[in-house]
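S.K.: Can you make the complete structure from the sequences, with help from the hints?
Those protein sequences? They're chains W and F, same order as listed. First residue of the first sequence: 12, per the numbering used here; consecutive thereafter. First residue of the second sequence: 12, per the numbering used here; consecutive thereafter.
Read the hints as simulated data drawn from the structure, not as lab findings. Keep in mind that this is a model prediction, so the values were computed, not measured. Keep in mind that the hints are not guaranteed to be accurate.
No distinction is drawn between identical chains; accordingly, a pair holds when it is met within one copy or between any pair of copies.
Unchecked claim - Simulated pairs of lysine-lysine, BS3-like, Cα-Cα distance not exceeding 27 Å:
#, residue 1, residue 2
1, LYS92, LYS213
2, LYS207, LYS188
3, LYS211, LYS83
4, LYS293, LYS207
For reference, the chains in residue letters:
Number of protein chains: 2
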Amino acid sequence: MTKRRTILKHLAVGAAAVAGARLPKFYTGRKKERLGIALVGLGYYSTDLLAPALQLTRHCYLAGIVTGSPEKAERWQKQYKLPERNVYDYDNFDRIADNPDIDVVYVVLPPFMHKEYTVRAARAGKHVWCEKPMAMSVAECQAMIDACRSNKVSLSIGYRMQHEPNTQEIISFGKNKTYGGVKMISVAAGYFDGRKDHWKQKRSMGGGAMFDMGVYPLNATRYVTGEEPIAVLAQERTTRPEIYSEADETTLFQLEFPSGALANCATSLGMSMNYLYVTAEKGWYKLEPFQSYSGIQGSTSRGIMLDREIPNQQTRQMDDDALGILQGTPPMVPGEEGLRDIRVVEAIHRSATEGKRIVID
Amino acid sequence: MTKRRTILKHLAVGAAAVAGARLPKFYTGRKKERLGIALVGLGYYSTDLLAPALQLTRHCYLAGIVTGSPEKAERWQKQYKLPERNVYDYDNFDRIADNPDIDVVYVVLPPFMHKEYTVRAARAGKHVWCEKPMAMSVAECQAMIDACRSNKVSLSIGYRMQHEPNTQEIISFGKNKTYGGVKMISVAAGYFDGRKDHWKQKRSMGGGAMFDMGVYPLNATRYVTGEEPIAVLAQERTTRPEIYSEADETTLFQLEFPSGALANCATSLGMSMNYLYVTAEKGWYKLEPFQSYSGIQGSTSRGIMLDREIPNQQTRQMDDDALGILQGTPPMVPGEEGLRDIRVVEAIHRSATEGKRIVID
Numbered sequence: 012m013t014k015r016r017t018i019l020k021h022l023a024v025g026a027a028a029v030a031g032a033r034l035p036k037f038y039t040g041r042k043k044e045r046l047g048i049a050l051v052g053l054g055y056y057s058t059d060l061l062a063p064a065l066q067l068t069r070h071c072y073l074a075g076i077v078t079g080s081p082e083k084a085e086r087w088q089k090q091y092k093l094p095e096r097n098v099y100d101y102d103n104f105d106r107i108a109d110n111p112d113i114d115v116v117y118v119v120l121p122p123f124m125h126k127e128y129t130v131r132a133a134r135a136g137k138h139v140w141c142e143k144p145m146a147m148s149v150a151e152c153q154a155m156i157d158a159c160r161s162n163k164v165s166l167s168i169g170y171r172m173q174h175e176p177n178t179q180e181i182i183s184f185g186k187n188k189t190y191g192g193v194k195m196i197s198v199a200a201g202y203f204d205g206r207k208d209h210w211k212q213k214r215s216m217g218g219g220a221m222f223d224m225g226v227y228p229l230n231a232t233r234y235v236t237g238e239e240p241i242a243v244l245a246q247e248r249t250t251r252p253e254i255y256s257e258a259d260e261t262t263l264f265q266l267e268f269p270s271g272a273l274a275n276c277a278t279s280l281g282m283s284m285n286y287l288y289v290t291a292e293k294g295w296y297k298l299e300p301f302q303s304y305s306g307i308q309g310s311t312s313r314g315i316m317l318d319r320e321i322p323n324q325q326t327r328q329m330d331d332d333a334l335g336i337l338q339g340t341p342p343m344v345p346g347e348e349g350l351r352d353i354r355v356v357e358a359i360h361r362s363a364t365e366g367k368r369i370v371i372d
Numbered sequence: 012m013t014k015r016r017t018i019l020k021h022l023a024v025g026a027a028a029v030a031g032a033r034l035p036k037f038y039t040g041r042k043k044e045r046l047g048i049a050l051v052g053l054g055y056y057s058t059d060l061l062a063p064a065l066q067l068t069r070h071c072y073l074a075g076i077v078t079g080s081p082e083k084a085e086r087w088q089k090q091y092k093l094p095e096r097n098v099y100d101y102d103n104f105d106r107i108a109d110n111p112d113i114d115v116v117y118v119v120l121p122p123f124m125h126k127e128y129t130v131r132a133a134r135a136g137k138h139v140w141c142e143k144p145m146a147m148s149v150a151e152c153q154a155m156i157d158a159c160r161s162n163k164v165s166l167s168i169g170y171r172m173q174h175e176p177n178t179q180e181i182i183s184f185g186k187n188k189t190y191g192g193v194k195m196i197s198v199a200a201g202y203f204d205g206r207k208d209h210w211k212q213k214r215s216m217g218g219g220a221m222f223d224m225g226v227y228p229l230n231a232t233r234y235v236t237g238e239e240p241i242a243v244l245a246q247e248r249t250t251r252p253e254i255y256s257e258a259d260e261t262t263l264f265q266l267e268f269p270s271g272a273l274a275n276c277a278t279s280l281g282m283s284m285n286y287l288y289v290t291a292e293k294g295w296y297k298l299e300p301f302q303s304y305s306g307i308q309g310s311t312s313r314g315i316m317l318d319r320e321i322p323n324q325q326t327r328q329m330d331d332d333a334l335g336i337l338q339g340t341p342p343m344v345p346g347e348e349g350l351r352d353i354r355v356v357e358a359i360h361r362s363a364t365e366g367k368r369i370v371i372d
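M.R.: What follows is the structure, encoded as structure tokens:
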């Protein structure tokens, strides 16, 4: 038994004693230094963003992988010096329950697989980080939350922006009413996706602009206002109907909040755009880009520059989440946050389908 | 007969010979140096913007006024050294037909009066400049256009932005596809109006955000794309229902263009906002503010600054329009332009009332 395993075992006993849990979850007793992360799904985001970011994290590290591709398994194992025992495929994934090297399972699969792998990870007693959009429906999101709760593991959604300092600054403007109450938000996120047969072009797999990119503008309206939308008016449009026959290429949606704040939002897989404009009672503030992987910057009507740069957003996000688990504090973006977005996404889809304003219950 | 009058008379003969007109209209023969302008309606905009601007114009000058207030008449007459014969009230206004000092009647009244005074001015044989919004309905706009046409006078709508150099630059981007085709526009114009019983709070007088400010974002989407909207989805909202029971405090509207370009627009009398964001195929460009009386500025994704400052927008607008008349060229923003906006405003009102997307015929 390695020294790490010994420590984990001690922690397990302590945590189980505190939480009355079957398996070690929140390490509120002695501190484990770093959590072992297993990435599930080794596509572009895991390969180009998360794995490199996990080389810079202080509170967690890349401990394992889950992939259906033997070729990828071999390549990653070699590149990141992963022990054979920490490499899983989708069939033997559930055995991860017995692997004390893995503390967190990060689900980086297409959205239609999020629920299944989150529930399986929770049942394996692992904390779960799940990419956005959280899942395909409110019902799936609720099942994920329930599974994590009943298995006493935490659940974080992989929105990055709440961990980004300029975004945190504008969130604080809203909370403190630095510029008075928020009145109007204009926000857009999109990129040109030239692919024709990717899951991002299939709604049944969680594709389409609204699922893929639209949750960012939506999430932004919620963290900027600190409120939940009460109504939505939306339409979907496409200039490439041969590709976007099922999923939405572009969605425009208007949101209404209890305070009277309004939002004009746009998202697209057919054009590149990335800005967040906030009109408040006593001024404005903006970020542009507001959601890209780097270079988030902006300014305010008082001439304040919002230009704090951090080395790596994903590193910050995963370190925040890992530290939260290590310290036993709630995640910054828990599953409930992801669910709230999907509730609005469902209303947006309904509004676009029915061609009318939908009041959100 | 003054020298000016003699010149006018000569011009009249020349123009009549060319155009076969009853009265002098387009001075395509010998050039008159400056046109005499009569302002109709001496509210804030005439007082604080147009009259001062007319002190700086090269091709026109403040020659007369039309007002229902004897007190204002006296004050203006004194301040601007206006001859008694060039001061009218609303009853004797039609006698302006006999006044060769007045070449152009500028209608600066609340919108519900635009049609009447435009038609009366046209019948008096005067060119007409009319403030935005052009009128209350497409039918009124058409009547104004018809009256000017049948009386062989020109009709300009007082949108300023087509005369503003940074705006002209972004219009040229669209025409030349400098950044590729326009894909998406996000545009908003509004201010906080604290008044409770002004005509701007009465839709029947041409008030409400859409009529008062909303035509700017709308007009911008049309000059940016160079296209006419084919469909609109809109809603009206208010946070002050006790004031905005009849007119709209805030209107959000989405527009769709034949090319597939889309627009998210907002206008309000409840908040201050002023920006125009254009997403194109190969980059973006923006103006912020895009519609204020001064300080129009912006930038593009290629790092080009749009920051040409002119001394006075209203001066530029009136000089452009006066020069057009003097040179016999068509107005930059003719009545037809104003009508096209009102056609969309009607669709926006209908969409907001019926709660659904309206296809514009």
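S.K.: Under the constraints set out in the numbered hints, which ones does this structure not fulfil?
M.R.: 1
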